[in-house]
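A.B. asks: Put together the whole structure using the sequences plus the hints.
Those sequence lines, one after another, are chains A and B.
At position 386 of the first sequence (counting the first as 1) the number is 388 in our numbering, and the numbers step up by one without a gap.
At position 42 of the second sequence (counting the first as 1) the number is 88 in our numbering, and the numbers step up by one without a gap.
Calculated from the structure, these hints are not laboratory results.
Glycine included, each C-beta is placed from N, C-alpha and C at the ideal position.
Fair warning: there could be bad hints in the mix.
Stated by the list, open to error - Computed far set for chain A versus chain B, every beta-carbon distance over 12 Å:
| id | residue |
| --- | --- |
| 1 | Ala14 |
| 2 | Ala43 |
| 3 | Thr132 |
| 4 | Gly138 |
| 5 | Val161 |
| 6 | Leu203 |
| 7 | Ala229 |
| 8 | Asn262 |
| 9 | Ser355 |
| 10 | Leu356 |
Stated by the list, open to error - Coverage of chain B stretches by chain A, computed from C-beta distances (three or more under 8 Å per stretch; other residues unrestricted):
| id | segment |
| --- | --- |
| 11 | 77-88 |
| 12 | 97-107 |
| 13 | 112-123 |
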Amino acid sequence: MLDTGAVLFGVAIKTLFVFTAAVGLLAPLVAWMERKQGALAQGRTGPARADLAGLTLAGALHPVAGLAKLLAKETIGPTSSGSALHRVAPWLALVPALTAFAVIPYGGVYTFQGTRIALVAADVDWGLLTVVALGGIALFGPLLAGLAGESPTALLGAVRSAGLALSTRVVMLLALVPMLMIYGGVRLLEIGAAQDHTVWLGPWVERLGAGGWTGAVDLLAWVGWPAWGVVLQPISFALFMGCALAEARVVPFDAGLARNELGGGILADYSGARLALFQLAGFFSLAASAALATVLFFGGWTLPYLSQQRFVEGLAPWYGHEVATALCLALHVGCFFAKVAFVVWLLLLLRWSLPRFRHDRAMARCWKTLVPLAIANVAITAVVLLSLDAG
Amino acid sequence: MPLEVALFYVFGAVAVLAASAMVLLSRSAVASAMSLLLCLVSLAGVSVLLSAHFLAVAQLMVHGGTIAVVLLFVLLLVGVRDGGLGPPRIRHRIAKAVGGVSVLAGTWLAVRELVGHLGEMGPVPEGYGGIDAVGAALYGPFLLPLQLVGLLLLASAVGAVILGRRAD
Numbered sequence: 003m004l005d006t007g008a009v010l011f012g013v014a015i016k017t018l019f020v021f022t023a024a025v026g027l028l029a030p031l032v033a034w035m036e037r038k039q040g041a042l043a044q045g046r047t048g049p050a051r052a053d054l055a056g057l058t059l060a061g062a063l064h065p066v067a068g069l070a071k072l073l074a075k076e077t078i079g080p081t082s083s084g085s086a087l088h089r090v091a092p093w094l095a096l097v098p099a100l101t102a103f104a105v106i107p108y109g110g111v112y113t114f115q116g117t118r119i120a121l122v123a124a125d126v127d128w129g130l131l132t133v134v135a136l137g138g139i140a141l142f143g144p145l146l147a148g149l150a151g152e153s154p155t156a157l158l159g160a161v162r163s164a165g166l167a168l169s170t171r172v173v174m175l176l177a178l179v180p181m182l183m184i185y186g187g188v189r190l191l192e193i194g195a196a197q198d199h200t201v202w203l204g205p206w207v208e209r210l211g212a213g214g215w216t217g218a219v220d221l222l223a224w225v226g227w228p229a230w231g232v233v234l235q236p237i238s239f240a241l242f243m244g245c246a247l248a249e250a251r252v253v254p255f256d257a258g259l260a261r262n263e264l265g266g267g268i269l270a271d272y273s274g275a276r277l278a279l280f281q282l283a284g285f286f287s288l289a290a291s292a293a294l295a296t297v298l299f300f301g302g303w304t305l306p307y308l309s310q311q312r313f314v315e316g317l318a319p320w321y322g323h324e325v326a327t328a329l330c331l332a333l334h335v336g337c338f339f340a341k342v343a344f345v346v347w348l349l350l351l352l353r354w355s356l357p358r359f360r361h362d363r364a365m366a367r368c369w370k371t372l373v374p375l376a377i378a379n380v381a382i383t384a385v386v387l388l389s390l391d392a393g
Numbered sequence: 047m048p049l050e051v052a053l054f055y056v057f058g059a060v061a062v063l064a065a066s067a068m069v070l071l072s073r074s075a076v077a078s079a080m081s082l083l084l085c086l087v088s089l090a091g092v093s094v095l096l097s098a099h100f101l102a103v104a105q106l107m108v109h110g111g112t113i114a115v116v117l118l119f120v121l122l123l124v125g126v127r128d129g130g131l132g133p134p135r136i137r138h139r140i141a142k143a144v145g146g147v148s149v150l151a152g153t154w155l156a157v158r159e160l161v162g163h164l165g166e167m168g169p170v171p172e173g174y175g176g177i178d179a180v181g182a183a184l185y186g187p188f189l190l191p192l193q194l195v196g197l198l199l200l201a202s203a204v205g206a207v208i209l210g211r212r213a214d
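C.D. replies: So this is what it looks like as structure tokens:
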């Protein structure tokens, strides 16, 4: 049993690590990928100018330069009684998106000399629900921004984003329910660890062997795939990705801040540092959604085809258990961030491939097509799980 | 004073005093809606102190993330921005004074009862307030009330659809 001081120290280190990674790595990465992906989609070069002592790093310094530019600008806000709301709104969008990283695990559970180390800042047993609840609180940011501003376009933008957000939230909640049913819990550490194995076709095709198909059996026995959520529940994955785009208010679902119709919509009255906060909130929201999607659908930190147990047991005879576990830990954390970057890329691919949906049509599609689809998905998952249990 | 008790007072003060002060002192309907969010978040904090973790998260998810957003959405559609309440009137002030005094009196009575008795609660059983416990309660002893509430919500949803149609 560890004493309280050591536990607090561990939590402080993990919190520091995950927030440093979110602020210093994921947010600039999303900002850079957003610009570069857009340039690729439109056949442009994209950001390539900002340099540090002659190094441009393929435009990777542009997010920093953009942030510095916005921070240096004057912040203009309304003088009416809405100014307090105007000031609070960007923080209400930013803080929940950032807080979500506290409950999303970026690694599994490792044991060093009897000490259990879980790579998540707050190891709560209702982690998935916390991320969803925080996403709900983050909705208030854009709503307040529209209400606090003085331009009518901001109000129109807020009406549009609120309608879209409420509709897509229902779909997102329903899309997550099958994942809870499959993994039997909402603890993100357990959900990630449950995907740490491979489904081999071997046992399934042995029946073919009895029918004389020996060659095919030998071949198919080598076929297998990681037991990731995206394989088990692709419909939930597709619905989740769409809702993640809506939550970050990026292109197909950005009717609330359409630049060419509403002049920025909810952000019409924002400038300077507060606008920078809103942009950061969007990047964090995308990164948090990508991190959650990684844990739910891409096996989290786990390596494909190589489970933690096999990795540690395989290396332990040569390097000892501790070193093997440390290697596994480092690989897992790297693997997690690589997967998050992949999901961010996937989200941005969608973002730059789709045109903006008209908000009323998007809402109608949401309620008339996606909600019934998501409910049917829940029902089918329940039937399949129950029949697997019975059989 | 143990940490839990101190946190209980902080959350309680925010939920009751700060949130009602925001409603009474601000003339903006949006600020009042935000005070509801503040109150709900503080109550979620109280739920965590009571080891009812799932209840806290469900409260944030359902009340904070959805119902309060719907409330703001209604304000948006009605078009109430700051100052939408019109010029201040004497009867508003009287109503505010009565409201403020009753909140303070109620708080004082409650705190007088509580002082010295907080922290007397025994340890909670294993798994108390978790998802399993709440689910077992909802689908066990509270199955009938849960279904009745569902029926009520369905009826109100149908009613809303019919009322919305008539307005067209």
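A.B. asks: Find the nearest Cβ of chain B to the Cβ of Leu356/A and say whether that gap is larger than 12 Å.
C.D. replies: Leu356/A is indeed farther than 12 Å from all Cβ atoms of chain B, at 25 Å.
A.B. asks: Please settle this one: Leu203/A was flagged as non-interface, so is its CB more than 12 Å from every CB on chain B?
C.D. replies: holds (35 Å)
A.B. asks: Would the non-interface assignment of Ala14/A survive a Cβ cutoff of 12 Å against chain B?
C.D. replies: holds (17 Å)
A.B. asks: Does Ser355/A clear chain B by more than 12 Å, comparing its Cβ with all Cβ atoms of that chain?
C.D. replies: holds (29 Å)
A.B. asks: So is the segment 112-123 of chain B in contact with chain A by the C-beta rule, three or more residues under 8 Å, or is the coverage claim wrong?
C.D. replies: That given contact holds, which follows from 9 residues of the segment 112-123 of chain B lying within Cβ reach (below 8 Å) of chain A.
A.B. asks: Would Ala229/A pass as off the interface with chain B, using Cβ distances and a cut of 12 Å?
C.D. replies: holds (23 Å)
A.B. asks: Between the segment 77-88 of chain B and chain A, are there enough contacts, at least three residues with CB-CB distance under 8 Å, for the coverage claim to hold?
C.D. replies: holds (count 4)
A.B. asks: Please settle this one: Val161/A was flagged as non-interface, so is its CB more than 12 Å from every CB on chain B?
C.D. replies: violated (5 Å)
A.B. asks: Checking the smallest CB distance to chain B, is Asn262/A really beyond 12 Å?
C.D. replies: holds (22 Å)
A.B. asks: At 12 Å, judged by beta carbons, does Ala43/A keep clear of chain B as stated?
C.D. replies: holds (32 Å)
A.B. asks: Taking a Cβ-to-Cβ distance below 8 Å as contact, does the segment 97-107 of chain B have at least three residues touching chain A?
C.D. replies: Contact hint for the segment 97-107 of chain B vs chain A: holds, 6 residues under 8 Å.
A.B. asks: With 12 Å as the threshold, tell me whether Thr132/A passes as away from chain B on beta-carbon distances.
C.D. replies: violated (6 Å)
Violated hints for the displayed structure, listed by number in ascending order: 3, 4, 5.
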